[in-house]
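Visitor: Okay, here's what each chain looks like letter by letter:
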Amino acid sequence: MIVAKRKPLGEIAEMLASYKKVTVIGCRSCVAICLAGGEKEVKMLVSALKIRNRKEGKRQDFEGLVVERQCEKEWVKEVEDKILGSDITLSMACSLGAQTIGDMYPKHLTFPGLNTGIFGVPEEQGVWSEKCVGCGDCIIHTTGGICPISRCAKSMLNGPCGGSADRKCEVNLEVECAWAAIYDRLKLQNRLDLIERITPAKDWSTSHSGGRRVFVREDAKLTQHQKKGKEVVL
Amino acid sequence: MKAGSNLEKVLESGKFAVTAEIGPPQSANPEPLTHHAKMLKGCADAFNLTDNQTAVVRLSSIASAVIIMREGIEPVIQMTCRDRNRIALLSDLFGAAALGVRNVLCLTGDHQTFGNEKGCKNVFDFDSIVELQVFDNLRREGKQPGGEVIKDPPKVYLGCAENPFATPYEFRVSRLAKKIAAGTDFCQTQAIFDMDMFEKWMDEVRARGLDQKMHILAGVIPMKSAGAARYMKNKVPGMIVPNHIVDRMKSAKDQKEEGIKLCVEQIEHLKTVKGVHGVHIMAVAWEEMVPRIVQEAGLFPRPTID
Chain G
1 MIVAKRKPLG
11 EIAEMLASYK
21 KVTVIGCRSC
31 VAICLAGGEK
41 EVKMLVSALK
51 IRNRKEGKRQ
61 DFEGLVVERQ
71 CEKEWVKEVE
81 DKILGSDITL
91 SMACSLGAQT
101 IGDMYPKHLT
111 FPGLNTGIFG
121 VPEEQGVWSE
131 KCVGCGDCII
141 HTTGGICPIS
151 RCAKSMLNGP
161 CGGSADRKCE
171 VNLEVECAWA
181 AIYDRLKLQN
191 RLDLIERITP
201 AKDWSTSHSG
211 GRRVFVREDA
221 KLTQHQKKGK
231 EVVL
Chain H
1001 MKAGSNLEKV
1011 LESGKFAVTA
1021 EIGPPQSANP
1031 EPLTHHAKML
1041 KGCADAFNLT
1051 DNQTAVVRLS
1061 SIASAVIIMR
1071 EGIEPVIQMT
1081 CRDRNRIALL
1091 SDLFGAAALG
1101 VRNVLCLTGD
1111 HQTFGNEKGC
1121 KNVFDFDSIV
1131 ELQVFDNLRR
1141 EGKQPGGEVI
1151 KDPPKVYLGC
1161 AENPFATPYE
1171 FRVSRLAKKI
1181 AAGTDFCQTQ
1191 AIFDMDMFEK
1201 WMDEVRARGL
1211 DQKMHILAGV
1221 IPMKSAGAAR
1231 YMKNKVPGMI
1241 VPNHIVDRMK
1251 SAKDQKEEGI
1261 KLCVEQIEHL
1271 KTVKGVHGVH
1281 IMAVAWEEMV
1291 PRIVQEAGLF
1301 PRPTID
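Protein sequences appear in the order of chains G and H. Quick note: the first sequence uses this note's numbering, first residue 1, plus one each step. Quick note: the second sequence uses this note's numbering, first residue 1001, plus one each step.
Simulated from the structure, these hints should not be mistaken for lab results. Note that the structure is a prediction, hence the values are computed from the model and not measured. Watch out, some of these pointers could steer you wrong.
[To be verified] No more than 30 Å apart at the CA atoms, straight line, and that leaves these computed lysine-lysine pairs for DSSO-like:
(1) K1151(H) x K1009(H)
(2) K1235(H) x K168(G)
(3) K1121(H) x K131(G)
(4) K1200(H) x K1041(H)
(5) K1271(H) x K131(G)
(6) K1235(H) x K1009(H)
(7) K7(G) x K1274(H)
(8) K1151(H) x K5(G)
(9) K1151(H) x K168(G)
(10) K1200(H) x K1271(H)
(11) K131(G) x K50(G)
(12) K1041(H) x K5(G)
(13) K187(G) x K1200(H)
(14) K5(G) x K73(G)
(15) K187(G) x K1213(H)
(16) K221(G) x K107(G)
(17) K1009(H) x K168(G)
(18) K131(G) x K1118(H)
(19) K168(G) x K1121(H)
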C-alpha cells in the first residue's frame, strides 16, 4: 500500500493560516490503514488545530470528513459541496488524493496534509517498510522474491557492495542488507546460480526516468456511448 | 596490450606491482596534487585518484589525473556510479581516454549520506559490475549498451575493488568471479588487517583459478595511531581489524612508527601469498609515508618496462 505520514501540526497550521473556512478530507484506503489520514486522524487533526487556535486567539472554521477513496473522482464528487463551500481543502489522503481534488476543482485550493512516502508493507504494528519503487519491470523472480531496487540503498543489480557488514546496510545499520537477504533466500531455495550470473544494465525507461507513466487497458476503457451513460463525467 | 599503461606492462610482465592512492583536495587548488606527484614519483607504478571518496566533494578524479600526468606519473582514475548516469560515465570515459588516461577503476561508490552533500539525489544507473561490463564491451567492440557502435573506442585497462571482509563472506569470491566475467583486468582489495581471513579468501580464489584470470593487488593502510585502528575496527562498515592489531598499536611507544612498521610487515607477508600480484597502498592523508614504505618493503626501485 501507499504509506504516508502526517505533516507536523505547525507546518499545517501555517499553510492554512490565511484561510477562514477549511475542509479537511481524509481517505479510508491506504492512509487509513497506515494511521495517517483516516477518520480518526482527521478528527484528531481538526481538534488539534482548534485547540491551537483557541490558545492563540485565532478564529477559523474547520470541518473534517472522510471519503472512501480520494484518488477516485466518483468518491470525491460526493463531497463536492463541502469542498467548494470552503476557502481551502486540506487533503489527508496521499498525494494522489490531493491531486485528484486539485485536478477536479482547479480554481479551488487543495493543500497536502500528509507527506507521501513509500510503497510499503506493515512489518509489525506501527512499522512500515519500503519494498517497491515502481520501476515498471519487476525482476524479483530472479532475486529470491526480494526487490533490490527499493531495498538496496544503491539499487544494485549485482550486490552486495563492499559495505555490507553483519548482513546490515552500511547506510542504516538497523536495516538488513538487501543483497545479503537475497543471497540467503536463493541459498535456501537452492538457486544460487542466479546470483552468480551478471545482471546487465537495466532499462530504466519503464520507470519514472522514462517520463510520467500512464497505463492504459484498452479492453477496460468505456466507449463514448458508455461514457454518456455514466453520471460522473469530468 | 589492452591499453599499454605502465600498470598493465608491470602486471602482465609478471612483476610484483605497487599502486598507491592520492586523495584530490577539497578545493580548486591543483597545488596539493602537484606536490604529492613530485613527492611520490617513482615509488609506485600507478596512482589512484579517488572519485569524491566517502561522497565528499573534491577536485574531480579526471582533472586530478591530468594534473599528476603533467608531473610524469601515471594515474588510475576511479569512476563511481553514484553521481553519473551512463551518458555521463561513457562521455567521461571518452574524455579521460582522450586526455591520455589508461587505467580506470570501476566502483559503485560510497552512498551520499556519508559525505558533505547529504541532501543530493544519487544516480546508480549502473553498479560496478555493470559498469565494468559496459566499459569492457566498449573497448572490445566499440559497442555502447544502447546499441550504438562507435569508432575509436577508449583503450583502457580496467580494474575493480573487492572486499573479502564484507558479508556474506561466502559470496565474496563469487562476486570477484562476476567482476572477471564482466571484464576486469585487476582488482585492488579493501585494506587487509586480518591476514588469516584474507588467506582463506585467497585459497578459494586460487581454487577457482581466478588469480590466473586477473591480477590481485592487496590493499594496505598504514595507521597513524591506535585511535585510527579503533576507528577502522568499529566505524568503517565492511572492515575487519583484529584485536591484536589494535593492542599492538596501543602499546607502541611511537604509534606512527609502529603503524609504518606494521604496514611494511603486512606487505612482506602479502608478497608471499600465492596469487597476489601487487599491493595497493592507501595512505589516506599520509601520502608522504609511501616512498618510505615502498623502500622498506623492498619494492624500490620500481621496474621500467618498454
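Visitor: Next step is simple, just say for each hint if it's right about the structure.
Guide: Status of the hints after comparison with the structure:
Between the alpha carbons of K1151(H) and K1009(H) the distance comes to roughly 25 Å, so the proposed pair stays at or under 30 Å and holds. The suggested pairing of K1235(H) with K168(G) holds, with an alpha-carbon distance near 13 Å, which does not exceed 30 Å. For the hint pairing K1121(H) with K131(G), the CA-to-CA distance comes to about 19 Å; that is within 30 Å, so the pair holds. Between K1200(H) and K1041(H) the CA atoms are separated by roughly 34 Å; this puts the pair beyond 30 Å, and the hint is violated.
The suggested pairing of K1271(H) with K131(G) is violated, with an alpha-carbon distance near 45 Å, which exceeds 30 Å. Between the alpha carbons of K1235(H) and K1009(H) the distance comes to roughly 37 Å, so the proposed pair goes past 30 Å and is violated. Between K7(G) and K1274(H) the alpha-carbon distance is near 59 Å, which puts this suggested pair outside the 30 Å criterion. Restraint check: the Cα-Cα separation between K1151(H) and K5(G) comes to about 52 Å, which exceeds 30 Å; the hinted pair is violated.
This hinted pair does not check out: K1151(H) and K168(G) have alpha carbons roughly 44 Å apart, beyond 30 Å. Using a Cα cut-off of 30 Å, the hinted pair K1200(H) and K1271(H) holds, with the two alpha carbons roughly 16 Å apart. For the hint linking K131(G) to K50(G), the alpha-carbon distance of about 37 Å lies beyond 30 Å, and the restraint is violated. For a cut-off of 30 Å, the pair hint linking K1041(H) to K5(G) is broken: about 56 Å separates their Cα positions.
Restraint check for K187(G) and K1200(H): the C-alpha separation of about 21 Å stays at or below 30 Å, so the hint holds. Taken as a hint, the K5(G) and K73(G) pair is honoured in the structure, with Cα atoms around 23 Å apart against an allowance of 30 Å. Between K187(G) and K1213(H), the direct Cα distance comes to roughly 27 Å. Compliance with the 30 Å bound is thereby established for this hinted pair. Between K221(G) and K107(G), the direct Cα distance comes to roughly 28 Å. Compliance with the 30 Å bound is thereby established for this hinted pair.
This hinted pair does not check out: K1009(H) and K168(G) have alpha carbons roughly 39 Å apart, beyond 30 Å. Under the criterion of a C-alpha separation no larger than 30 Å, the hint pairing K131(G) with K1118(H) is consistent with the structure, at around 23 Å. Straight-line distance between C-alpha atoms of K168(G) and K1121(H) comes to about 22 Å, which keeps the hinted pair within the 30 Å bound.
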